[in-house]
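Residue numbers (full-length UniProt numbering), protein chains in the order written: chain A, 1 to 303; chain B, 1 to 331; chain C, 1 to 316.
It is worth saying that the hints were derived from the structure and are not from the lab. Remember, it's a predicted structure, so these values are computed and weren't measured experimentally. Careful: at least some of the hints might be erroneous.
[Stated by the list, open to error] As a list, the in silico DSSO-like pairs of lysine-lysine whose alpha-carbon atoms are at most 27 Å apart: (1) Lys125(A) / Lys236(B); (2) Lys294(C) / Lys314(C); (3) Lys236(B) / Lys131(B); (4) Lys236(B) / Lys105(C); (5) Lys205(A) / Lys125(A); (6) Lys9(C) / Lys294(C).
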Amino acid sequence: MTSVAGAPGTADSAGSPEPVGERRFSETLHFARRNPKLLIGLGIVLTFLLLGIIGPLFIGHDPNEYVGPQTQPPSGEYWFGTTTFGQDIWAQFVYGLRSTFLIGVFGGGVAFVIGTAVGFVAGYKGGIIDEILNMITNVVLVLPAMVVLIVAIAYLEARGLFVQGLFIGLTSWPWAARAVRSQALSLATRDYVDLARLSGRRTWKIITTEIAPNMSSYLVMSFILLFGGAILIAAGLDFIGLGPAGGVSLGLMLQSASQWSALQLSMWWWFIPPGLGITAIVGSLYILNVGLDEVFNPKLREL
Amino acid sequence: MWRYIGRKLFVYLLTFIVAVTINWMIPRFMPGDPVQSMLSRAQVSDPEALEAMTSYYENLFGLNAPLYEQYLNFWAGLLRGDLGISVMRYPEPVTDIILGAVPYTLALLLPAILLSWVVGNRFGAFAARSKILDNTVLPVGYILTATPYMWLALLLAWSLGIVAGIFPASGGYSFSLRPEFSWLFISDLISHWFLPFLSMFLVALGGWAIGMRNMIIYELEADYANYLQALGAPRKLIRRYAFRNAMLPQITGLAVQLGTIIAGSLLTEIVFNYPGLGSLILDSLNNRDFFLLQGVFLFVVVGVLIANFIIDIVYVLIDPRTRVQMTGGSS
Amino acid sequence: MTLRVNDLKVYYQTLRGDVRALDGVTFDLADGEIMGLAGESGCGKTTLGKSMIRLDSRMRHVGGTIELNGKDVPIADDDAMVPLRYREISLIPQYAMSALNPTRKIGRMVNELLRARGVRPADIADELNRRLELVGLDTDVLNRFPIELSGGMKQRVVMVISTLLDPSLLIADEVTSALDVSTQRAVAESMVEFRDRGYVKSMIFVTHDISLVYQMADTIMVMYAGHIVEKAPAATIINEPKHPYTQMLIGALPEVGSTMVQGRLEGIPGTPPGLLNPPTGCRFKDRCPMAFSKCSEQPPLVEIEPGHWAACWKTG
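For reference, chain A alone in the conformation it holds in the complex:
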């Protein structure tokens, strides 16, 4: 409110030909280009993404194949060295990046869809529907997601990336639902939403055309957080041995490093790259999110 009071002409100064929406977009872009947090975070994430997409194309063998000499430290031929079995760690790393992004998009995506759907409906509909959805959200929120996942996945015979992602999505949506609910709640009482409601439009239509666009930046940020969260949960599950059978992931790399005594053998090249990869990706996502927040939220820009 400090920015509005007494500062006329900031948003709607007459005499400027561009329409308001376009101007707001260009203003956002202006801040985005000057926000180091956003740029650095995005840069790191994109670098790893590119590595995950392109890297595997240059590797002619299965990443789990025993291709080289055993227990080699990094060298010109094997950039990240080899495991005690002679697997190429660089190959595992780039394939692992790929599955890390996949699980992030898929697990985070499922959680995002459930979370926003529950949040919007609860916040918009209110009343008894809100009560019930809120109750469900609270129950799932209190349940420790990881432990539920361990028990559920332990019984699965065939474990793949998508099953893992689905389960992660099913357990990690509640906070997003809560956040979206409170946002939707405040938007649902605005005049233009009332107008839409009075004119007899359907609920989902109002949500998708009136409410969601007005909190799009908020939704983007929620998705990024869910994305990062899904990566961390998946890495944890992989580490316990509940990862995709026969697959490659950064978490599975950590698991086999720990299982085959990489620590005791001081094979640092085995367990440092995968952990560093996860930390860098998730950390950059978080920092990117702070940058986005500063860009979208003018109040934070001055800080």
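Guided by the hints, dock chains B and C onto chain A, whose structure is given.
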């Protein structure tokens, strides 16, 4: 007032029922025969013993009875404190095995959570003081929360444990010692405890620092802070108010983060081979000891519920707003 | 003369350049004067109020001076302003409903504030209680949390706190806009009472509600687009406004006693100019039915009769 607590209790009760139901459903509705899959892994060479175990577990699962009866039997057993018998350590009851591991997990969890919360809040509030501090504390905080628990554990175990050799990197206490109440044993226990604790403390620290930093910036922008500034109050007073008010959502955050931190402690224990619930989970998975696994699950859920309830009570005692609403204030 | 503001310019810094929220404002405020400051939202009246006590981080003092009791008020220097704040110049903010720390009992917060300003709470406790009773509050409110008070009660508590050190100048920013009509009247009356008892010497009452201010203020100053258009005794502004903008503003009121609609005026076609690149000359000329060629020059604020100032070529 009681309405608020009653509501919370209802949610927790519901959560408990859901958790028990999940626990009951999973082995029955997942593909495959749980008893066969379990016993095929158990190293039992004596065919007679195997047969005894098979009939024991089939009876325990009660797969022949109608579903509702199975469900009720499950609850009846649970309420008697009977979680079944471990396959891995047959014939030891699951409850006993878990109770042996719980102290280790709690010894890691409680200090790690509480200390990281206190220190993290201090750091976060400190970061909001200047742009330079903010630009250093913030990225470090985000990198720490982004670190997978097991990776930091691996790094610490390797660097401080194996390379530097300052702390033991594995186990709860040395193999050469027997648990007893002596200075030697206790100091050994502490040196084994330190690295897993440090590892969890550091990862959790980052999250609290960031949370506090964001909250306090919000509070420093609040109307009451502006008003005090307009009346010439010193920054010190305004910061003190903002810090206190920013603590309140951090208490709620404690409840929200609990699940993540517990998961982190399980992973950390596995790295350090620390004899708590995490290692128990890994062992039960490797041995397909589903009774043990489900027992651990229920214990963790109950622990989380109790902790949540304690946090609720603390919050009510600290925040005058909830307290006032509960005693029916004049507004 | 208590307050003398001379050619004050305060701009907001934005991405697109400076927004000239206050662009050369000159006026005097006498001892004991209650001045209503009126205008459409965005005319600079809140900026003027804020400028006299604390600039926020985006506001920049570009030029002009403020003098209070013969001494310069260093508004651009935040630290140098601290001794003046509260003791000499005080504020009842727009957001009085949320101005109190929600987690402190009111009495404790007041004590902590006073101690921080070098006043012993015990020395002033009697006065505090007396003033709370004067505005119709039980002294027990000091033992309560803000959430336990109604909006009107909070408003009155803030009023008492803000004036506790008997400031020379009190800025009351839209203090009545969040209240219902009967509470509005009560708050306005207690503010006059505070002046009469000497708790505050003079007062600037920022509002968009001309009819309310008419009943309590001695003078009314009307602002438009960062400029002062007219200042005169309250009755003169209401009954014989000289500036075309003031005339239309008063004319837009259905009748005295009702509330003016905030924002765009129904009665005046067009919108105020943006203050990013304001037009030269009189800023009202595009909406003014009486505009003529001379209006492309900026009209000075001149005293057309004793105590009545206006900035218009037609009145000068």
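Honestly, which of those hints from before does the structure not fit?
-> 1
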